[in-house]
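Place chain B on chain A using the hints.
Top line first, the protein sequences correspond to chains A and B. Heads up, the first sequence is in the numbering used here, so the first residue is 3 and it goes up one at a time. Heads up, the second sequence is in the numbering used here, so the first residue is 283 and it goes up one at a time.
These aren't lab readings, by the way, just hints derived from the structure by calculation. A couple of the hints might just be wrong.
Claimed, not checked - Simulated pairs of lysine-lysine, DSSO-like, Cα-Cα distance not exceeding 27 Å:
hint	chain 1	residue 1	chain 2	residue 2
1	B	Lys339	A	Lys28
2	A	Lys71	A	Lys58
3	B	Lys339	B	Lys353
4	B	Lys339	B	Lys296
5	B	Lys339	A	Lys72
6	B	Lys353	B	Lys296
Claimed, not checked - Stretches of chain A that chain B covers, calculated by requiring three or more beta carbons in the stretch to come under 8 Å of a beta carbon on chain B:
hint	stretch
7	25 to 36
8	45 to 51
9	99 to 112
In this text, a Cβ means the ideal position worked out from N, Cα and C, and glycines have one as well.
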Amino acid sequence: SQQGEEDPQALSIQEGENATMNCSYKTSINNLQWYRQNSGRGLVHLILIRSNEREKHSGRLRVTLDTSKKSSSLLITASRAADTASYFCATASPGFQKLVFGTGTRLLVSP
Amino acid sequence: DTGVSQNPRHKITKRGQNVTFRCDPISEHNRLYWYRQTLGQGPEFLTYFQNEAQLEKSRLLSDRFSAERPKGSFSTLEIQRTEQGDSAMYLCASSLMGGMANTGELFFGEGSRLTVL
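In isolation and in its complexed conformation, chain A is listed as follows:
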């Protein structure tokens, strides 16, 4: 079963706009990761934030983590049509046995 929920389920924006996706989870974590999946393809790791971190940046990506609210957000700035994909958050349990994925946000960026 999924660890958490992502919000919104779908997001449609224009190129150049920012896209924000939210993830909520249920249990304690060691880290939280975001992955991207193009239609019909495998998942690609984007960024990882540890439970003792609050914010992390990588290129046009900004991730925040609020462990008190058990939530995270992914911000993609200056979006491009090539950013069109599904985005999933995944939580690593203490001990890193496995990643548990959320339900995903489908992002559509129109030229």
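For chain B alone, coordinates are given in the frame of chain A:
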């Protein structure tokens, strides 16, 4: 190619038949995972191996499912007596755990899509 490789990419079978999927992980990775993903959903954990040992199995993995990683390298996932509900994308991922690499970042293959008629 240093990525995770999965074969076959697509499999169409009739209900009741057996199917087997193969995953070749990144060579130095000691962990290998199988996930299942249905349309519009996130990947659901099935099982994982640390080297050749199968350390955890989800309750989603019924008796008809079996996974092996005989020499700690490639892995196979077999589904016996397939049912229409088994139709899904089966994703394999690998990771390197130990030393400084304890992040749990997964490297995924392109998946094997199963359609059961």
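These are the hints, each one checked on the structure:
no. : hint                : result
1   : Lys339/B / Lys28/A  : holds, 21 Å
2   : Lys71/A / Lys58/A   : holds, 17 Å
3   : Lys339/B / Lys353/B : holds, 19 Å
4   : Lys339/B / Lys296/B : holds, 26 Å
5   : Lys339/B / Lys72/A  : holds, 26 Å
6   : Lys353/B / Lys296/B : violated, 31 Å
7   : 25 to 36            : holds (count 3)
8   : 45 to 51            : holds (count 4)
9   : 99 to 112           : holds (count 8)
Going through the hint list in order, the structure does not satisfy hint 6, though it satisfies all others.
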